[in-house]
Amino acid sequence: MIRFEIKKIFCRKSGKVVLLALAVLLAVSCYMPIHDTRYVNEQGETERGLGAARKLREAKKEWSGLVTEEQVKRVLRENRRINQTAEARSEEVKKQDIAYSWKQGFSDIREMINSAFGDFQEYDYFKADSVTETEVGDFYSNRPAKLKEWLETDQMARGEFSEEEKAYLLRQYEKLETPFYYEDSDGWQHLFEWAPTVIMITVLILGFLTAGIFSSEFQLKSDAIFFSSYYGRDKAVRSKIAAGLLTVTAIYWTMLLLYTAVVLGALGAGGADCPVQSAGMSSWKIFYNITFLEEYLLVTAGGYVGCLFMILVTMLVSTKTRSAVAAVMVPFLLIFLPAFLSGVVTNRVLGLLPDRLLQINLALHYFNVYRLGSRVIPAIPILFVTYGVAAAILIPMLYHSYRKAKVW
Amino acid sequence: MELVINDLTKEFEEVKAVNHVTCTLGNGVYGLLGVNGAGKTTLMRTLCTLLSPTSGSILWDGQDIFQMDGQYRKILGYLPQEFGFYPDFTVEDYLMYVSSIKGLRPAVAKRRVKELLHQVGLSGAAGQKMKRLSGGMKRRAGIAQAMLNNPKVLILDEPTAGLDPGERVRFRNLISELSEDRLVLLSTHIVSDVEYIANELLLMAAGELRYSGTPSQVIASMPQKVWKLRVSRQEVENYLHRYQISNLKAEADGVELRILADQRPHPLAAQAEATLEDVFLYYFGSQVFMQEEEGDCSHRLAGKWGRGK
Ligand SMILES: Nc1ncnc2c1ncn2[C@@H]1O[C@H](COP(=O)(O)OP(=O)(O)O)[C@@H](O)[C@H]1O
Ligand SMILES: [Mg+2]
Chain A
1 MIRFEIKKIF CRKSGKVVLL ALAVLLAVSC YMPIHDTRYV NEQGETERGL
51 GAARKLREAK KEWSGLVTEE QVKRVLRENR RINQTAEARS EEVKKQDIAY
101 SWKQGFSDIR EMINSAFGDF QEYDYFKADS VTETEVGDFY SNRPAKLKEW
151 LETDQMARGE FSEEEKAYLL RQYEKLETPF YYEDSDGWQH LFEWAPTVIM
201 ITVLILGFLT AGIFSSEFQL KSDAIFFSSY YGRDKAVRSK IAAGLLTVTA
251 IYWTMLLLYT AVVLGALGAG GADCPVQSAG MSSWKIFYNI TFLEEYLLVT
301 AGGYVGCLFM ILVTMLVSTK TRSAVAAVMV PFLLIFLPAF LSGVVTNRVL
351 GLLPDRLLQI NLALHYFNVY RLGSRVIPAI PILFVTYGVA AAILIPMLYH
401 SYRKAKVW
Chain B
1 MELVINDLTK EFEEVKAVNH VTCTLGNGVY GLLGVNGAGK TTLMRTLCTL
51 LSPTSGSILW DGQDIFQMDG QYRKILGYLP QEFGFYPDFT VEDYLMYVSS
101 IKGLRPAVAK RRVKELLHQV GLSGAAGQKM KRLSGGMKRR AGIAQAMLNN
151 PKVLILDEPT AGLDPGERVR FRNLISELSE DRLVLLSTHI VSDVEYIANE
201 LLLMAAGELR YSGTPSQVIA SMPQKVWKLR VSRQEVENYL HRYQISNLKA
251 EADGVELRIL ADQRPHPLAA QAEATLEDVF LYYFGSQVFM QEEEGDCSHR
301 LAGKWGRGK
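For the protein sequence lines, the chains are A and B, in the order given.
In this text, residue positions in the first sequence follow the numbering used here: the first is 1, and each later residue adds one.
In this text, residue positions in the second sequence follow the numbering used here: the first is 1, and each later residue adds one.
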């Protein structure tokens, strides 16, 4: 029965178009992160793609290890040495690019220094150039210190967080184990960068595929035979739900795993156990203390929970409205509406909307924490539980709504 | 084994589509006759548990069919008026799918599908997509679908509508072939469809069951007599005003009328044996023919000219 339900989904022409669209999406989304990887060579020329990734990996290798004070000093010294070369001081862009090419190996640690010593909110790309070796002792302790200062002085931050929430954020900052281990993790970075796009488009396509599972019986007028059959008001309905969930699960994980395999295969999977704060730039400020591998699991599992939730809403709308067109809009609204809501509703509300599950790697960067009784809980576990439970409740709702349908 | 319809009413907002219908059906072929809008489809959908009644009940062997739930649907076969299917399924896949939701085990289903495809003459088209079938072939696939579970109650809603005369005759034969040992309820607004195959006729108008009985009982139930009379074309108008005319046939030297009347309408009029069509005109007025899509010409002519009751 489930086999036939799945056949109904794919035997339509649109089903085949969708499979093609998924293949194109996969090809493009594997190409983009690889193409995005840049390496500036000794001649100051920018290289891209697989070769660039390999060279960059090679350059960064010698800087991997514990990021101790000694290591930070090494970076500062090397950075200063390069800054004093004729190439770095030249007005010529080409020459500057050559100087930059020498810095690529420690660029990640340099970015950490920028974040550690720069303004909490404004990332200062050149900060490392003015940090002295005597300051290096503050490299890690600056992180909670600057957060504290920001929470206490910043207008917005003071209004936004309660004392408990501030304390929670600080505690999280202090819990980060230091000094931490650094290793080139560009494969993961690029993987994450494009993951929300891959996940969102996959969800939209899945919405398209599943929107008709329930409404098509009405539209095709096959409802009369369906609902007057022996299993029409129980098992056949369950097999429709199962077909939807199976399709979603199979396609989602196929897409994600292929995407992961290609990107990590091409760009390297090193750094899996490094903390996410080592990724440079604003990652320094992330208050979730997890590794890249854990981030990966959150990104993919979050995407899956979000996908299930959105598709179940889609199928419920398909049942209630008996229209695939209305249903196919659901994922679009759930994904794109929040972008228009910023400014209308508070960040707190935005932090709990389901689209965040499809972009966990971005959600990690937001200071969204919530008080639940006496405890403070960050957004990501709340998102997982809320939408996981919602999805679980939607299944029986969908079942009861469909099996009671009247045919007129 | 019997299906008892007990004071059944189904209302849609304003309309009483089925209005206090009571009857008992056993094995045999029942012809449900009525013009479009009489409530046939609504009655049938309710019998298939697709609609719940506003009031009244339906019992199968003494048990409420809505409470029987799957146990009732298990013995039910239904061909809806608008037969909907999955256009990209092959005929065989379609029937295998319906078998599965009807609870047939795959091995049994395979045999049954093969048997039925043969019986309805679609063996050659088993691998064709449903959407490629002709109108008549689709209808035959529809019948096959309804028969998959060898139903005790077979409900066919206007199974001959839209078929050409040849197909229609073949279809009638198929239905009588399939009607052994079960209850077949067949709706139509075309008298000739049921005239020969139905054991019992149910005449429905405006949601009510107006009359039921065997064809000969139905014919006998008409209090008026039928007269044949040849008149000139100029006189036709005059007769149409004064009498119910069940048929008029244009001939070279005038028009032959079938007139329903208590008294001989004209000294030259000859009494004729009443047919079901005459009775229909009597019960339903001219609407019967007005609604008919593809009766013979003479019917349509009568429809145009027939006078209301
Ligand atoms: N879903 C519905 N909503 C409102 N009115 C309906 C609906 N279905 C049927 N009707 C009305 O009920 C009456 C009987 O219709 P139907 O059962 O289709 O008659 P038949 O099959 O004899 O042509 C008609 O007046 C029709 O307009
Ligand atoms: Mg009808």
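It is possible that some hints are incorrect.
[Unchecked claim] With a straight-line cut-off of 27 angstroms between C-alpha atoms, the simulated BS3-like cross-links for lysine-lysine are:
| # | chain 1 | residue 1 | chain 2 | residue 2 |
| --- | --- | --- | --- | --- |
| 1 | A | Lys-404 | B | Lys-74 |
| 2 | B | Lys-131 | A | Lys-7 |
| 3 | A | Lys-7 | A | Lys-285 |
| 4 | A | Lys-61 | A | Lys-103 |
| 5 | A | Lys-127 | A | Lys-73 |
| 6 | B | Lys-131 | B | Lys-114 |
| 7 | B | Lys-152 | A | Lys-404 |
| 8 | A | Lys-7 | B | Lys-16 |
| 9 | B | Lys-228 | A | Lys-221 |
| 10 | A | Lys-13 | B | Lys-131 |
| 11 | B | Lys-138 | A | Lys-406 |
| 12 | A | Lys-221 | B | Lys-225 |
| 13 | B | Lys-16 | A | Lys-221 |
[To be verified] Computed spacing ranges between beta-carbons, pair by pair:
| # | chain 1 | residue 1 | chain 2 | residue 2 | range |
| --- | --- | --- | --- | --- | --- |
| 14 | A | Ile-393 | B | Gly-135 | 40 to 50 angstroms |
| 15 | B | Ala-272 | A | Ser-323 | 39 to 49 angstroms |
| 16 | A | His-400 | B | Glu-273 | 29 to 39 angstroms |
| 17 | A | Met-397 | B | Leu-59 | 49 to 59 angstroms |
| 18 | A | Ser-323 | B | Lys-228 | 39 to 49 angstroms |
| 19 | A | Ile-393 | B | Ser-52 | 50 to 60 angstroms |
These aren't lab readings, by the way, just hints derived from the structure by calculation.
A virtual CB, placed ideally from N, CA and C, is assigned to each residue, including glycine.
Okay, the hints, checked on the actual structure:
Note on Lys-404/A and Lys-74/B: the hinted pairing holds, with a Cα-Cα distance of about 18 angstroms set against a maximum of 27 angstroms. Taking the CA atoms of Lys-131/B and Lys-7/A, the gap is about 16 angstroms. The hint holds against a cut of 27 angstroms. Between Lys-7/A and Lys-285/A, the direct Cα distance comes to roughly 48 angstroms. Violation of the 27 angstroms bound is thereby established for this hinted pair. For the given pair, Lys-61/A sits about 13 angstroms from Lys-103/A by alpha-carbon distance, which is consistent with the 27 angstroms threshold.
Among the hinted pairs, Lys-127/A with Lys-73/A is consistent with the structure: their alpha-carbon atoms are about 14 angstroms apart, no more than 27 angstroms. Between Lys-131/B and Lys-114/B the CA atoms are separated by roughly 20 angstroms; this keeps the pair inside 27 angstroms, and the hint holds. Between the alpha carbons of Lys-152/B and Lys-404/A the distance comes to roughly 24 angstroms, so the proposed pair stays at or under 27 angstroms and holds. The hinted pair formed by Lys-7/A and Lys-16/B fails the criterion: a straight-line CA distance of about 40 angstroms is larger than 27 angstroms.
Pair hint Lys-228/B plus Lys-221/A does not hold up; C-alpha atoms about 46 angstroms apart against a cutoff of 27 angstroms. At most 27 angstroms may separate the alpha-carbon atoms for a hinted pair to count; Lys-13/A and Lys-131/B meet this at roughly 13 angstroms. Distance check on the hinted pair: Lys-138/B and Lys-406/A sit about 24 angstroms apart at the alpha-carbon level, within 27 angstroms; holds. For the suggested pair Lys-221/A and Lys-225/B, the alpha carbons sit about 45 angstroms apart, so the restraint of at most 27 angstroms is broken.
Of the pairs offered as hints, the one joining Lys-16/B and Lys-221/A holds, with about 23 angstroms between alpha carbons and a cut-off of 27 angstroms not exceeded. Ile-393/A and Gly-135/B have their C-beta atoms about 45 angstroms apart, which keeps the hinted 40 to 50 angstroms range intact. Between Ala-272/B and Ser-323/A the CB atoms are about 55 angstroms apart, so this pair departs from the stated range of 39 to 49 angstroms. Distance hint check for His-400/A and Glu-273/B: the Cβ-Cβ separation is about 58 angstroms, which falls outside the suggested range of 29 to 39 angstroms.
Under the hint 49 to 59 angstroms, the C-beta atoms of Met-397/A and Leu-59/B, about 32 angstroms apart, miss the expected range. In this structure the hint that Ser-323/A and Lys-228/B lie 39 to 49 angstroms apart at CB is violated, the actual value being about 56 angstroms. Look at Ile-393/A against Ser-52/B: about 27 angstroms separates their beta carbons, and that is not inside 50 to 60 angstroms.
In summary, the structure is inconsistent with hints 3, 8, 9, 12, 15, 16, 17, 18 and 19 from the numbered list given earlier, while agreeing with the others.
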